[in-house]
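Participant: Position chain B against the provided structure of chain A, taking the given hints into account.
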Amino acid sequence: MMKRIRAGIIGCGMISKMFHVPAMTHIPEIKLEAFSDVNGEWANELANRYSAPYSFTDYNEMIGKIDMVVVATPNALHTKISKVFLDAGVHVLCEKPMGINVEECEDVLKKETESNALFMVGHSRRFASNAMLLKEFHEKGMFGEIKSMELVMGHSHTQWITRSGFSFKKELSGGGVLIDQGIHLIDLLIWFSPGQIAVTSSVGKDILGHGMEDHAEIEFSLSNGGKATIKTSRIEEWDNLCTLEGTKGWAKFHIDDKSFLKICSENLRGCRKLRHLQVKTGLNNIYLDQIKYFVNCINKNVSPMTSAGSAVKGIRLLKECYDKMSIIK
Amino acid sequence: MDKVICRKIPDGDEGIKRFLDEIFANGWLDPGSKQIVIKPNLCTLASVESGIITDISFVRALVRFIKSKSPSSQIKIIESDSFDRTAEEVFEKLGYCDLAREEGVDLINLTKMRSIPIAISEIPYEINLSFIFLEDIFYISIANLKTHDYQKVTCGFKNQFGCIPDVLKERYHPYLDEVLYYLDGLINPDLSIVDGRIALEGNGPVDGEPIKCDLMIAGNRSLSVDTVCARVAGFDPVRVPYLRYAYSKTKYNHSNIQVAGDKLDFNFKFIPDKLFNGIRLKIFVTRTSNVITNYAKKVLFHLYYYGFIATARIVPKSVMKKIRKT
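Residue numbers (this note's numbering), protein chains in the order written: chain A, 1 to 329; chain B, 1 to 326.
Hints may be right or wrong, so weigh each one.
Quick list of in silico lysine-lysine cross-link-like pairs, DSS-like style, CA-CA up to 27 Å [stated by the list, open to error]:
| id | chain 1 | residue 1 | chain 2 | residue 2 |
| --- | --- | --- | --- | --- |
| 1 | B | K249 | A | K252 |
| 2 | A | K258 | B | K317 |
| 3 | A | K140 | A | K324 |
Covered stretches of chain B, going by a simulated chain A footprint (3 or more residues, C-beta under 8 Å) [unchecked claim]:
| id | segment |
| --- | --- |
| 4 | 19-28 |
| 5 | 123-136 |
| 6 | 184-190 |
Simulated from the structure, these hints should not be mistaken for laboratory data.
Virtual Cβ for every residue (Gly too), placed ideally from N, Cα, C.
Bound-form chain A, shown alone:
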């Protein structure tokens, strides 16, 4: 008989309600066991809806009742909660960002190495079908060495309103659009270009007057002499088309909403006659694929690709972006 993983959710806000929990119900190996939120009503609501036996206002009470936890609280609490559960030997899937400062994230990294449990950060954009295929092609050397990357993500804050409203409270969010949406782009940049990356310029715009950037443009230099740019906004809805250019070809892909991959490579016989190929990759449920992947890692006891070690790199780069950022009002 299949051994089921008892799972818990900490933080019963929008992301849990809309994505994590529905995705988990599609995985037969997972048994939804407990929900926790400081707002007991929210925890009860989800526990009743998904027939989970437990709901708590204190996440510490979950220990001993679950094998795996999804941490989907405001950003400032991610590291503290993750450490508690790693100590208790519970596998942790932590929402992005891993934390709001480097020191706390390094503590989690230390805990992860000491613990038998696995830790993964939910950098869900890696699981988009076009991003996965692009990574596969890139690893086959289709584009050669990356010389330029432009990553774009602009979603209006009115399209995604958190239940707690934490994203506009700096002490809870740790920053503005860069830590919220930009962290996805930073993660993709590290994923595709794993060498040394340095921030060359960082500009933020505080448009809504919360003392945080609502629009950010960051330029990076890559270890091979290449350049990368990240543009993110929570004011405007953009056509989030990203570009990757290498020594042997290029690729264009949508970061979300639309799923395709345009590729051109001197290694591809199809590109010798046709200018480029447009692969229709299809929109997939990235949260479902992410949780499937994590369960697979647990079953095989292998470290996930967005483990603490990989995610800390992103947080270090994020800190460098903030350190060098000049805010324009």
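Facilitator: Below, chain B alone, put in the same frame as chain A:
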């Protein structure tokens, strides 16, 4: 200027050996360290004498020739499933399993391989492209010279149609001109050989009658090879729909092809003009009705879901101008 070899081969194995030597001397059979992929025409279960499928003895001769030049070369023979038979069935019944065992080649069913859907703006369906065509391969197409009721003639371009891994390939038939052009672009054969020793005339590509022509045609550009094949079979290449489409897309000068070898002219029997025109009309009606149906579906959905103003945005500007004028 593209070069095409066109040879009369009345003397069996010896003639084939000379023909392959000539291909090699032209530098068209130099795969280097790449793995070699051979696509014979195995569109149905039929005898070699029917002229419908590739003669396995030629495939064997080609494999032996390649091995004699480069003993370590890796050779794969590919085919895909269709609605009435599997590639494995075809390989087994047409003797390719024995050939694979004896000559040390691999048989690949493309339907069972991973593929990616390629979107083409001119075609309403994606073309699934097998991952083998994303690898560094040397691709050899071995087609038969046949008439085709939709296209007048079928040779190298149409042989690539068997590389589509879908079981139901028929959905592409109304868009054959575009599909054949883009498939040729995606697969881009390194060597295109057309076996016309026993060709097929009349109501091809399956129900025609075999005609002994004893000829072999080859080149390293499929468009020039197919152009020469159309001429040899007695068709004006400009009046062959898929060739006309390819010429228009590539601005290809079809009169500027150097034909090395024998000057051969046949006049293949074909279905009556009235029937061919009727088939083309049927294709036109199918395509038009598909366009209208798909557009109507899109507009009605938008109208219901987003309302009138948002729907007006997806109406082409030219149509909107006319509406405003009236």
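Participant: Among the hints numbered above, which are violated by the structure, and what are their numbers in rising order?
Facilitator: 3, 4
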